[in-house]
Each structure stands twice: as structure tokens, then as C-alpha cells.
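Given chain H, work out where chain P should sit, using these hints.
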Amino acid sequence: MLAVYIALMVCTMLPVIVMQAGADMTVLVWLVFALVLVKALLLVDHFMEMKHAPWGWRLAAQGWAVVVVAVLAGVHAVG
Amino acid sequence: MADNAAANEKHLPGDMAVWFFIFAELAVFGILFIGFGVARSLDPDTFAAGRAVLHPWTGLINTIGLITASYLVACAVHRLRNQNTGTIALLLGAIAASSTYTFGKLWEYGVLYADGYNLGTDTFFMFYFFLTFFHFMHVVLGQIILVVLAVKVRKGDYHTDNMNGMESGASYWHMVDLVWLVLFPMLYVLA
Numbered sequence: 000m001l002a003v004y005i006a007l008m009v010c011t012m013l014p015v016i017v018m019q020a021g022a023d024m025t026v027l028v029w030l031v032f033a034l035v036l037v038k039a040l041l042l043v044d045h046f047m048e049m050k051h052a053p054w055g056w057r058l059a060a061q062g063w064a065v066v067v068v069a070v071l072a073g074v075h076a077v078g
Numbered sequence: 000m001a002d003n004a005a006a007n008e009k010h011l012p013g014d015m016a017v018w019f020f021i022f023a024e025l026a027v028f029g030i031l032f033i034g035f036g037v038a039r040s041l042d043p044d045t046f047a048a049g050r051a052v053l054h055p056w057t058g059l060i061n062t063i064g065l066i067t068a069s070y071l072v073a074c075a076v077h078r079l080r081n082q083n084t085g086t087i088a089l090l091l092g093a094i095a096a097s098s099t100y101t102f103g104k105l106w107e108y109g110v111l112y113a114d115g116y117n118l119g120t121d122t123f124f125m126f127y128f129f130l131t132f133f134h135f136m137h138v139v140l141g142q143i144i145l146v147v148l149a150v151k152v153r154k155g156d157y158h159t160d161n162m163n164g165m166e167s168g169a170s171y172w173h174m175v176d177l178v179w180l181v182l183f184p185m186l187y188v189l190a
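Protein chains in written order, with numbering that gives the first Met the number 0: chain H, 0 to 78; chain P, 0 to 190.
No wet-lab data here; the hints were simulated from the structure. Heads up, the beta-carbon is just placed ideally off N, CA and C, and yes, glycines get one too. Heads up, some of the hints might be wrong.
[What the hints assert, rightly or not] Some chain H residues near chain P, calculated using beta-carbon distances under 8 Å:
1) 6
2) 9
3) 13
4) 19
5) 22
6) 26
7) 31
8) 35
9) 39
10) 42
11) 43
12) 48
13) 71
14) 74
15) 77
Here chain H stands alone, though its shape is the one from the complex (with noise of 0.2 Å):
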């Protein structure tokens, strides 16, 4: 559970250290997208403990994280 946690912060933070560095605005835009659906599906999995439901609820909640962030990434693509 401590390594999950420990996980969650490291990805809240590493946006924050590469734009400090100067990162591309793209590539922090992308980045954060990966790393938002990284952080949902380890809060459902650990934290929700999603991981031991039922595949359908299991995969409910999964798939809420992917289709906002994939819809979202769609949108700002084209845009």
C-alpha cells in the first residue's frame, strides 16, 4: 500500500520537475495524460480494491479513467 502511495506522488510530481526543467509544452501535455491514466488505474486497483471485484466492476471502473482521459487526449489532438 506504501508503494502505491509512494507511486501517486512520485507521478504527481514528476510533471512539476519537467516543466521546471524546461520540458516542451507537447511533450508535458502528453506526459500528464499517461500519467493521470496511471494514477487512476492504480487508485481503483489498490485503493478501491477494485482488484480483487468482479472482472465487470473491475473493468467499470478501469474504463471510466480510460475513456475520459482517451476522449480528452482525442480532443486536444484535433484541437
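Below, chain P alone, put in the same frame as chain H:
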């Protein structure tokens, strides 16, 4: 250990009715997020100007507060399931950690309002105030639920054989955190 037993069988944490409620909430937030994305693509300059006015460090501290609270709530569920002490302290710790979010958000609302920004300023601030206040109300409700859980644990209402209420409350809390994990970068980085 009860944790190991729970891991070996498929088990939906909490009440199924609460999960229908959680998915309804997630659907509403999801539609609003997609609406935000579409509105941003139609007027990127307004959204970029709005984002520049926000306080990203407040958003970052809020995120750390909510993730810490979620971690403490998850630990509280494990400790109660394994009949260990310290569940109430962890729940109170979660309330304290999440208070950094509530006070941080109120501070940011105050600063923005004093600078003349409100729901009617432009499309970005309409979304900003609506989305964040809608989420803020969920956080406050979540904090009330955590207080109720702490009281009921103290009274001995929840234990290894009766985790339904505790798991339901914890799942709601994690949903609030999950929504913020998308909302924070969407407003403070991507806009």
C-alpha cells in the same frame, strides 16, 4: 489474515447500491470533463489565459492532500479488516489531510473573486468554478462520511465480519480522489 482471505475471493468492496451511485457520479463528471475539453478546443486562447491566472501550487498541494487522505482511508480499511487498532486515528488523519484541499480551494476562490473572476467572467471560469465547486461539495460530503465512519468504528458497529459500511464509505472517498486526479491537470496544466 483477513486481507489474504479477501484477496482470494472476488468481492465488490462495499454495497452494490453505493457503486451504482458512484458510477452515476462518475458519468456526470465524465460528461462535464468532455464538455470542458470540447469548449477548450473551440476557444483555446480564453482557456490558456484563464489557466495562467490560476495557482498551480495550490492545485498541487490539494492533490497531495487528497492522495494522502485516500492512502490513509485505504490503510484504515485494512487495519479494521485485520482487527488492528488505529483505524479511527487513520480516518481522522484522512480528514486532516483532505482539509488542506478544502482550505486551499477556499483560499483560491477568495483570491480569484477578489481579483474580479467569477462564473460569468468567461467560458473557462464558468467551467472552473462550476466543476471545482461541484467537486468541492463532494469532498465536504466525503469528509462528513469519514467522520460518521470514525464514530461508528468507535462504537464497534464495523468489524471483520461487517465491513460493508466501512468499504462503502471508503469507496465513495476514493471516487472523489479519482475525479480530482483528472480534474487537476485538466484545469491547471492542459487548459
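Do the hints match the structure? See the list:
1. 6: Since chain P brings no Cβ nearer than about 10 Å to residue 6 of chain H, farther than 8 Å, the hint is violated.
2. 9: 11 Å, violated
3. 13: 11 Å, violated
4. 19: 11 Å, violated
5. 22: 12 Å, violated
6. 26: 12 Å, violated
7. 31: Interface hint status for residue 31 of chain H: holds (5 Å vs cutoff 8 Å).
8. 35: Given a least distance of 6 Å, the restraint on residue 35 of chain H holds.
9. 39: Holds, about 6 Å.
10. 42: This interface hint holds because 6 Å falls under the 8 Å limit.
11. 43: Since chain P brings a Cβ to about 7 Å from residue 43 of chain H, closer than 8 Å, the hint holds.
12. 48: Holds: closest Cβ of chain P sits about 5 Å from residue 48 of chain H, inside 8 Å.
13. 71: 5 Å, holds
14. 74: This interface hint holds because 4 Å falls under the 8 Å limit.
15. 77: Since chain P brings a Cβ to about 7 Å from residue 77 of chain H, closer than 8 Å, the hint holds.
Of the numbered hints listed earlier, those contradicted by the structure are 1, 2, 3, 4, 5, 6.
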